[in-house]
Structures are given as C-alpha cells and as structure tokens.
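> Note that the protein sequences, when read in sequence, are chains U, B and Y.
Under this note's numbering, the residue at position 253 of the first sequence is numbered 252, and the numbers go up by one with no gaps.
Under this note's numbering, the residue at position 14 of the second sequence is numbered 284, and the numbers go up by one with no gaps.
Under this note's numbering, the residue at position 246 of the third sequence is numbered 274, and the numbers go up by one with no gaps.
In case anyone wonders, no lab produced these hints; they're calculated from the structure.
Since this is a predicted model, take the numbers as computed values, not measurements.
Among these hints, one or two may not hold up.
[As the list claims (entries may be wrong)] Quick list of the computed label-pair ranges, beta carbon to beta carbon:
1) U:81 to Y:48: 51 to 59 Å
2) B:406 to Y:265: 36 to 44 Å
3) Y:60 to B:515: 53 to 61 Å
4) U:292 to B:370: 50 to 58 Å
5) U:81 to B:546: 55 to 63 Å
6) Y:253 to B:370: 52 to 60 Å
7) B:542 to U:103: 48 to 56 Å
8) B:332 to Y:40: 44 to 52 Å
C-beta: ideal position from N, C-alpha, C; glycine also.
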Amino acid sequence: MSTLDLVAVTKRYGDIVAVDDATLSVPPGSFVCLLGPSGCGKTTLLRIIAGLESASSGEVKFEGERIDATPVHRRDFGMVFQSLALFPHLSVRENIAYPLKIRGRGKAEREKRVAELLDLVRLPGVADRPITQLSGGQRQRVAIARALSVSPKLFLLDEPLSALDAKLREAMQVELRQLQERLGITTIVVTHDQREAMTMADAIVVMEGGRILQMDRPIDVYRKPASPFVADFLGQTNCLVAKPGKGGAEIAGGTIPGLQLGAGRREAEISVRPEDVVIRPAGDAPIPATVEFVRDMGSAVEIYLSTEAGRMIAQRASGHDALAVGDEVSLSIAPDAVVVFSEGVAR
Amino acid sequence: MSAPARTNASGQAALAFPAVMLAAFFVVPFGLMIAVSFFSREQGGFYTPVLTTANYQRFLSWFFADILLFSVGLSALVSAVCLTIGAPFTYLLSRLPRRSQVPWLVAMMAVLSLSEVIIGFAWSTLLSRTAGLSNLFVAIGLMDGPEAWSPSFTAVLCGMVYQAFPYSILVLYPAFSRLDPSLSEAARTLGASPVRAFFNVIVPSLRNALVATFIIVFVFALGAYLLPQLLGRPQHWTLSVLITDQAVYQSNMPFAAAMAVFLVASSLILVLLSTMFGGRREAK
Amino acid sequence: MMEKLFTRLFFGLVALFLATPLVVIAGVSINEKQSLTFPPEGFSLGWYAQIFTDEGWRSALFTSVLIALGAASLAVLIALPIGYALWRKTTVFGRIVQLLGVSPFVLPPVITALGALSFWATIGSYGAWYTVVISHAVFFTSLPLVTISLGFSTIDREVTEAASTMGADNRQILTTIVLPMIAPYIISGFAFAFVLSLNEYIVAYMTVGFTQVTVPIKIFNALRYGYTPTMASISVLFVAVAVVVFGLVARFGDLPRLLGAWSDGGQK
C-alpha cells in the first residue's frame, strides 16, 4: 500500500487553475521530488498535501484514508518552508522543541530529543543560540531538525535549499538524501532545480501549468522523457522534427539511419541528448554541420553546431582534438539514443 | 469548512470591540458636536436642542474672518519654518549610522510628547525678564538691562516651531530614511556639490513627501490651543484657542462647536489634499 | 571637511534650540528661593521633594499616572484586535475601523476635546474619572495601532503556517508565536500612549477639569494664578520620564524601524 495518494486533485483560484487533475501515489519510504518551473503548481500541490490549502476537488489519502478534512495541525507531517520560517523569538533549542512542547511532552524528553536531532543534522553546541546568530546553512539544519522532531509520518520540503549558495546547496542535497535514507521517512520535496531532483529523488514528478506530465525514476525521466517539455526541462537536449526516410528517418539536411518513427507516422518530434551527438570529420557522417561556438568547461566540452535543422549541441569529454569556430564537421546519431515523442508536432 | 476559512472568520470577529469603542467614543461624540453646533445656547448649562444657524452666522463676521486668516497664516509660517530647517536636518540625520540616529529620535519623541503647558511654560520662562535669555545677554555685555520678550508674536512663533519641529522630523523621517543613498552618491560622482545634490536630486525626488508634510504640520500647528494664549497677546489668538475659550470660559458650547466643525472641515480638506500628493505612507 | 563642519554646526544649533528652554526650566527648578530667576540663585533640590511632599502636586501626579496607565492599556486593547484582524485579512470594514482609530490623533486636539465634552455632558457623566481614561484611550489609539500593525507585518505568514504543521492550533499559535513576536511592539505602543496621555491637557481639562487635577492642569493653573518652582521641577521630571521611556523603547526595540525606516537600511 502506498503512503500517500492523490486522486484527481484540482485547485482553482477564481478562473486560475493552479493544480489540474493531479493523480499521484507515493510509496512508503520513498523520496519524491516535485519538479517544474515557477508557477507550475508544485508548491500548491505540496501545500494541499500539508493541509495548508484545501483542494477544490479530488481526494487526498494517507495510508488509504482520506485526510482532506483533517486540519493541518492534526496531520502530524513535518514541513520545511522555503523561508525556513524559524521562530525569531526563540532559541535553536526552543525552535526544535516547539512541536514537542505543543504536544505536552516533558522537559527531560524534549532536552533529549533536541540533543539527538542536533546530532542528526550535525549541529552540536548551538542549542542556546538565538536564531539570528546562525549562518544560512545552520538555519537550514535547524529547520530540518525542527520538522523532524516528532518523527513525522510524512516529511515535506518546499524549495528548502534555495537560499543557500551553489556549493553548500550541492553538499546539503547529498546530506538530505543520506538523512532520509537513514530515517526511512517518506519525503516529498518541491524544487525547480533539476540537478537537485536528480541527486536526491527516488522518483521525479515533472509538472507544468498545474498538470503532472510525468512521474518516473530520475534516470528514466532523463532517458525517456514523456514530452519535449520534460526533455528540455531536465538537462539540455536537441529537439528535432523527423520524417520517415529510406532505411531510417530524415531530418532537415541529414539522416538518422535505422530510426523508426512508428507505423504510419508522417512526422514526429524527437529528442537527442548532447552526449549522444557524435562529431566526426566532415563527410564521414550523415549530418553536415559547422562549429559555431565551443564551451570548454574543463571536465567536458560543449560544442554548439549550426545545421540545416537549426542549432544543435554536442557534448563530449575533454581530451579530443580541439575544434575551432568555423570548422566543418559531420554528425552521427545512434537510433537507440533517440526519443521519439508520440504526440503530434507542435507548430 | 476548510481550515483557512475558519481562521479568517475569527480574525474579523476581533474587530467588534474596537469598532464599538471607536463608534461610541469617537464617532458619536463627533456627530454630537456637529449636532450641538446647530443648537441654541443655554445660560448656565450646555445647550438646548433647539435648531438654529445663529452659531454659524455669528462666525461669519470680520472679527472671526480675521482670526481665521491669522490662524492660517501663523500655521503656514510655522510649517514653512519647520520644513526649511527640518528637511535638511532629517536628510543629514538619515545619513548617520543607525546607532547615532537613535539619541536624536529619542529627543524628538520626548519633545513631541511634552505637554503644550510645559512648552508654554518653558518658553515664557526663557523669554521672561527675570529668568530669561536677556539676562544672559546682559551678563556677557550685549544688552544694558533684561527685557521681557514674551508675550509677543515672536514668542508664539518660537513656541509653536518648538512644538511642531519634532513632529515634522518624524513625519519626514520615513521618506528620507527609505531614500536610496546611491541617489545622492550618483549626483556626487557626476560632480555636484553636497548642497546642489540636495536641492537638485533629493528635494525633487521627495517633492510629494515634502508637500504632504507641509500640510500635515500645518494642520498640527492649527491645533495648538495653548501656546498662542500663553506666549501671545489676545490679537495672537488662533481658532483653536478661541474654541477652547468659548467652550470653557464663555460656556458657549454651541458656538465653540460651530467653530470646531469649521476647523475640522478645513483640516480635512487639507489632509485630503495631502493624501492626494501621495508621498505619505501609512506609518505616521 | 567643510561638509562635516557644516553638519556639526547645524546639528549643534538644532540641539541648542531644543535644549535651551529645558535647560532654563531645569535651572529655575533648582533655585533656592521661591522666585523665578535664571541663572539660579543658590542650589536646592527641595522643589523636587515638593512634588512628593506637597499634597496637591503628589495627588496630581498620582492622578495623571493612573489616567495614563488606564488610557494606554485601553488604547492597546482597542488597537491590538484591529492590527490582528487586518493582519489576518484586509477587509473594507477593517480598513474603516483602522481609519477611525487613526483619525482622532490627526485632527486638531480641540476637536476630540470638544466632542468628548459634548458627549459626556449629554449622557450625564461629565466629570467622572473614567471619562478621561476612555477619551484619552480613543485619542491615542493611533499610536499603539501604528506600532502593532508594524509588528504584525514582521510576522511572515510561513511562520504561523510552520507552527500549524507542527501541531499548534489557532489559539496556540496566537499565544506561543504571534503574541510573543509582537510583544515589543505592544510595549512601545503602550509607552507612546502612556507618555502622551501623561502630558495631555485639553481633553483632560474638558472632561474632568472641574473634578480632577492632572499635572498639566495643575501646571496651567499655577501658570495663571501664581508661580511656584515646583511646576519647573515637575516639568523636568516629565521630560526625564519621556526620555527614559523612549530611551528604553530604543534600547529594547528598533526605534528607527518603529518610526518608519526600512528594517535593513544601513544597519551596522
């Protein structure tokens, strides 16, 4: 049985549909990321799960039972907010002990639990400091510890790392995932950062315009995106229009031998990841191209290419022969690296 | 019912007590005062509810027109003086580090909260013959003998500026302290002197706030009810003083009320004008 | 350099203007004899003792403090629900009540005084002690209203939401989060209303002028009917009270912020 189920959840604000017919099921102990651009409805969906908003229609079930009517403070979920929402008038200790105090737990128990949690988030020795004297990373940990202090049934995080600088954010992603694995707690995180989602999640839920586009393991969302939007949102991709041709498929100014678009389709949208675009000397491969720009990032090199089908990006490990702007090359694409979208071509 | 809807309902219920208090002890008294302004005077009592417009007719005379004109002129002068000194002062104050601003703000609050009675007493003492400033000038040889400088128009003006100055600072303070410091820095990097930067950049960008402040301080000065009486001669009395005089010493409530209604009407028009200039934010 | 000198001079002149009248009455208050002279002749703190030993002054001070405590408390009780309701949800009705709360302070004080006089005289309570408490409270509601509204605006909505996800119901959120967070603003609002009520003359005079004597009324009477140095010493005491109260507000709160500066403006 899954821990959390959403059935056809819809949220309207007047004429605006923030969440549109979202159906989702979260298995116990899993780490799910709601991923999408800002305004896609992911935060609203999380707030509906938390009980901070009520759905206009649809069902929210926890362990098989409907909880739509259960008020927030009776749900026993832990939540970390984007602003962290630490209580500025309380010390670190009082912040973490707050949920315990509300539940009437004794002082000894509270003290013990605060010490455990500070250990868990690796923040020893700050218990008596006021919140205002902590660094961004420390606050982050306090917010996480506070949300976990009563061992919640569900752990919700709304863009929890967005206030941190890039380096600290990456470190916290790993730490958060390790923490979740250790506790085995079912977790849902809202984020707009695909790297963050790829790092932490068991499953990624991609949303756009209030709708859930795809829910899959991270590698599957990356390798088998359900739509051009998903392909484009997760990492870089080359989106092309292909038609059936002799022995494969044709794109403007070139071919992809061996690619089948599906029976009876006259054209289809396809996606090829940059790392699957292979660069060869001019004339050696079926797609001619000119080097437009070379972006050397040390560990890898991205090459921007102009082709008749438009700009394409290829990526390869550094150490190959250097390419220069203006070089004539040719490209080959293996058919099994191509994702063919089933929907029609958007014009 | 959902949780958010329930909390909204309880939030609005909280308004009941303040609404009743303000309606009963501000709106009703205010309405009653307007009503009384149309009632007849009763010797030895307050009023009898017999409708009349006599109170307003009496007001429409040269004597009162004179007083009104004097009140308006005096208040405008006070406001102008406060703004002329207050605007550059507030500007310089808001450029100080916060820590250094605090003692000044405390001083401003303290002076602003002082009773008009105390301000009147302090200034009448300061300008008196026996204990005043002139004694100091005699001591250092600037004058031959001590003089009484109060009551006089200057004394009234000094006292009222003293009272209104902190008020004007506190009204100007939010606008000035929220002003982007890079504004004058930009002007300075373009070669303007500090004084020119102040007049060419700061003043125009706060024009609305300054106009609004002028009107607010003007209304504040119009409300001074004791200083013209304590520091001036009868010809320096303002409308507020006259209202107090009629209500308390002449026991003519209806006439005092009629003048008060007139004062409110003119103040309100001015406050509305000031909000039209918009530079004012909610805080103060 | 010139610029700094100019600023110093300007600030010095303003300070001189603000301080001189107070210095003079401070000087007068330590005169040995009962005469209005400055510079003071001799030195005596007797006139300060007089505030507490003289029956008339002592009871005036007592009356004033009681009225101010009552009025400031009531003003906070009126302002707090307005700030709370508007923080919860901005409604037209809430805005109207807020406007009513601010109006008395913006209008000339004579108006409030005269309105109070008409009202209390009409319902027959003229001169009763509570009339001045209520009228002062209504008159000064705008001060706690401004500070408390500011206090509420500092509470991020996510903070109360966080408390609710942690199991707190509305009442617990109010008592453990909201009230503690706005407490400093309630105290400053109370302090402002207290000091202003202490100093207020005209409303007090028109409501209880014939039955009670407050300190400003007593100073005014002394001013008209006969000088006594005690009026100087008690004025100095009032200045000191104002400085101490606002100094405390500044010490424990962010005074520039309370008076309308942005929270982050050049804070060092």
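> Each of the hints needs a verdict: does it hold here or not?
Now the hints, each set against the structure:
Hint check: residue 81 of chain U to residue 48 of chain Y, Cβ distance near 55 Å, so the stated range 51 to 59 Å holds. Hint check: residue 406 of chain B to residue 265 of chain Y, Cβ distance near 25 Å, so the stated range 36 to 44 Å is violated. The hinted range of 53 to 61 Å is not satisfied by residue 60 of chain Y and residue 515 of chain B, whose Cβ atoms lie roughly 37 Å apart. The given range of 50 to 58 Å is respected by residue 292 of chain U and residue 370 of chain B, whose C-beta atoms sit roughly 54 Å from each other.
Roughly 39 Å separates the CB atoms of residue 81 of chain U and residue 546 of chain B, a value that falls outside the hinted 55 to 63 Å. The given range of 52 to 60 Å is broken by residue 253 of chain Y and residue 370 of chain B, whose C-beta atoms sit roughly 44 Å from each other. Separation of residue 542 of chain B from residue 103 of chain U is about 55 Å and conforms to the stated range, judged on CB atoms against 48 to 56 Å. For the pair residue 332 of chain B and residue 40 of chain Y, the beta carbons lie near 46 Å from each other, so the given range of 44 to 52 Å is met.
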